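Take a look at the letters that make up each chain.
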Amino acid sequence: MRARGLIIAALAAPAMALQACAMTALPPPQATLDNIQTLRADGVAPISVGAFIPGPGAPTQMDRSVAVRAGIQPAPEGSFARYLGDTIAAQLKSVGKLDPNSTLVVSGMITDTHLDSGLTTNTARAALAARFTLVRGGKVVFEKALAVDTTWDSEFVGAVAIPDAVNHYTDLFAKLAAKLFADPDFVAAARG
Amino acid sequence: MRSIYAPARRRAGFGLRAWAAGAVIALGMVVQTGPALAASYVDAALGEIKPADKVVIASPQPVQLLFEFETKGALNGRATKLLKDQVVAAVKASGLFSDVSDTPTANGAVLEIIINDSPSKDEMDEAYGKGFVTGATFFIAGNTIRENYLCTINYVAGPTATKITRTAADGVYFQMGLINSPPANAVKIGSLHDAVFAMTRLIIINPLNALAADPGFQLAMSTAPASTAAPGQAMAATPLALPPTAVPVAATAPAPAPSPAPAVPPAANAPSAPAPAAPTSQPAPANP
Chain U
181 MRARGLIIAA
191 LAAPAMALQA
201 CAMTALPPPQ
211 ATLDNIQTLR
221 ADGVAPISVG
231 AFIPGPGAPT
241 QMDRSVAVRA
251 GIQPAPEGSF
261 ARYLGDTIAA
271 QLKSVGKLDP
281 NSTLVVSGMI
291 TDTHLDSGLT
301 TNTARAALAA
311 RFTLVRGGKV
321 VFEKALAVDT
331 TWDSEFVGAV
341 AIPDAVNHYT
351 DLFAKLAAKL
361 FADPDFVAAA
371 RG
Chain P
177 MRSIYAPARR
187 RAGFGLRAWA
197 AGAVIALGMV
207 VQTGPALAAS
217 YVDAALGEIK
227 PADKVVIASP
237 QPVQLLFEFE
247 TKGALNGRAT
257 KLLKDQVVAA
267 VKASGLFSDV
277 SDTPTANGAV
287 LEIIINDSPS
297 KDEMDEAYGK
307 GFVTGATFFI
317 AGNTIRENYL
327 CTINYVAGPT
337 ATKITRTAAD
347 GVYFQMGLIN
357 SPPANAVKIG
367 SLHDAVFAMT
377 RLIIINPLNA
387 LAADPGFQLA
397 MSTAPASTAA
407 PGQAMAATPL
417 ALPPTAVPVA
427 ATAPAPAPSP
437 APAVPPAANA
447 PSAPAPAAPT
457 SQPAPANP
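First to last, the protein sequences are chains U and P. Numbering of the first sequence is given in my numbering, commencing with residue 181 and proceeding in unit increments. Numbering of the second sequence is given in my numbering, commencing with residue 177 and proceeding in unit increments.
For reference, chain P alone in the conformation it holds in the complex (with noise of 0.2 Å):
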């Protein structure tokens, strides 16, 4: 028996419907005893970038990192402060930046990261009534939340640039209650963190990867004076993975038990490539 949250991690909010229900059946965000009870799904649409897909920049440049959680459109300092870890793995590991900082780099380029989780007043409600669901019912009822998160990333290549914008949509599925059954189309994950975690990177990595290939970041990239910085020191940085405890779930299978199985991300009926992200601005002219 653990707890599915460290206090902290509590406390920093960044599953808010889930926490909706947990704090209205005052259990499921405390305790979890087993897969049955408590279990949480990142889902499967956005997957790994395939090898053949990957952008990769011959002279990458340092950039400026900058990185917002946001709840309901207001920055929560909390969960930004316990993501920024992975954010700022997610992004050395890409390989697209010489070094990523989080002061000014002499190129004056800027990326910036915003994930927000902003449920709407229905979807909050839809949680607490699940919430009440399963703990009127002693957890028999099961129910299914589905944390929605909205990534926006954006990136300036100098002080002058035009802003380049990408963004992408994913979520994470937290269950209760005994009787349910794993949603469609997602990969099961140990815990809810373990699962913000995993989304966090996905959610990073696609979008990033096709702001790469957008031609005002390569021509940036390809006329920025030499960097200062050793080429390829962000691909020192060490990868996130899907925890160990990441199991590809089938659309129509039943929750399967606890398993230390290794991570085999994406999920087998994952898309085989991952969904594309959304351009949110055309695509920038030559930065000067």
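Here chain U stands alone, though its shape is the one from the complex (with noise of 0.2 Å):
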């Protein structure tokens, strides 16, 4: 029964170098405490969530997919700049902040991306970067570009790497929220 296994095992090693290639898709977005309690703070008003769109350059060509090494990892709904927006929007919900018929309207367009899982240099990186806009009745309030990064020891076996670098990019999306809500003039503007 052992040999069995170890036959079938055997077999099964190239394939399952080969799983990395396919990812399955990422779960929604979802609030933190952290957010909540800035947004808390912040008294903001409710706020819609308008179209989040790619930049030219890297942000169009990483919208639909990110590739790390063998991987590839489809992005939710389809765009990971309409990520950006699910992912403010799942933080404004989270506080009772999030009303479709807002006349304030949040939007956004992803200036810059970054994903390099440090295969030769053993530090992976990844970084995010997006130019937000808030309009009050038409009129825009505020806009500023805002960017995240964050670095961590890469791993050489993929089936590792790729995971943890996936983890590491999407994570950037709720960081690039956090800092949206955060950053004073944004909050400023956003108050009711």
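Incorrect hints may appear among the rest.
[What the hints assert, rightly or not] The list that follows gives simulated cross-link-like pairs (lysine-lysine, DSBU-like), each with its CA atoms no further than 35 Å apart:
{"id": "1", "chain 1": "P", "residue 1": "K268", "chain 2": "U", "residue 2": "K324"}
{"id": "2", "chain 1": "U", "residue 1": "K355", "chain 2": "P", "residue 2": "K226"}
{"id": "3", "chain 1": "U", "residue 1": "K359", "chain 2": "P", "residue 2": "K260"}
{"id": "4", "chain 1": "P", "residue 1": "K260", "chain 2": "U", "residue 2": "K273"}
Just so you know, the hints here were simulated from the structure itself, not pulled from any lab data. All values derive from a computational prediction rather than experimental measurement.
Dock the two chains into a complex; use the hints.
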């Protein structure tokens, strides 16, 4: 029985390596307590989430999916830019501040995106930047570019390094949303 | 013969070091041919909560629950999704809240649970090395890998309430190879994912109970307006239990053969009382 298992396992090894190519869909974004407390303290008015689009270059090339070594991670709902909007919507919803009918509308464009699993450098890095716009009653009341990045120890083995990189990359979306909510100019413009 | 992970569970990556070792030998995580080749254990340091130690809230209030599973400090969305139901069930079964939801509640109470799996570079290298040795000897040489988890539970009773925090640590052992001995003070679990599920419940219920004993939590429950949800509703939730394959393992005993023995949590050699959950903040003052 064990010998049979070893043979099957040896045959399964290449299949296991290939499995790294196909990555399952990411779950929808969710709120964090830090963002909830920030939004509560901000006292922002109910906000509607408008369009989030990818900018030219890498943001557009990486909008539908990101590739890490042999792994490809499809974007949730087909767009990482939309994922940023959904992340912001999830945070606002968690404090009851998401209102699709609000005349206060936040939108954004991803201006930079980067993901490097650090195969040759031992240090992996991910970065994300976006230009956010807040419109109140048709008038722009806030516009600013914000960026976040992160580094971590890279792994040589792809089966570990690929999901690790995707985790760190997608985690940046919540961090960028947190940076927006903590921005004093945004808070001042979004207050009711 | 069965897969130790279903595909989705394998990709969730909530056992990073075990996954690393398995990736090196390209074997252990794929096929389980018997307990000598791959076995999983949960550290018995965190046991079940004794009835006498269980905090009972007379008038439970609703709470908004947030849960994250993090790997190396970054949100692991797949593992979060996979464990979410277990986390919700554990919180409901605690009986500390009248209702548990992922949307805002009228009282503004929020319970955040974060489980982090953050092996260091050295620990990862050790896992690779162990996986290599086991693979190179065609599973003759056995190895045990311990996956360490840290759970942080944060609670705020309302929009202006002080945050109360409790933490707890636990571990899951994953074994490969023929020549091996069971880890000390651990409960044998059928598969790695079952072990992580069992660990998840234990690493939540212990610090959650400690949090409920905090004067700030008690005061919030006693001064909060009457809940709109039926008191005791959370008690209706089905409590999680160790899987039926869980077997207490003596520290010096050889690995037992697979057995459909009933669950006997915690392990016979586990401490009689659960390990105290560590407070990481001072008891909160009275919540406004």
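Status of each hint after checking the structure:
1. Taken as a hint, the K268 (chain P) and K324 (chain U) pair is broken in the structure, with Cα atoms around 42 Å apart against an allowance of 35 Å.
2. Note on K355 (chain U) and K226 (chain P): the hinted pairing is violated, with a Cα-Cα distance of about 40 Å set against a maximum of 35 Å.
3. A hinted pair counts as satisfied when its Cα atoms are at most 35 Å apart, and K359 (chain U) with K260 (chain P) qualifies at roughly 26 Å.
4. Between K260 (chain P) and K273 (chain U) the CA atoms are separated by roughly 19 Å; this keeps the pair inside 35 Å, and the hint holds.
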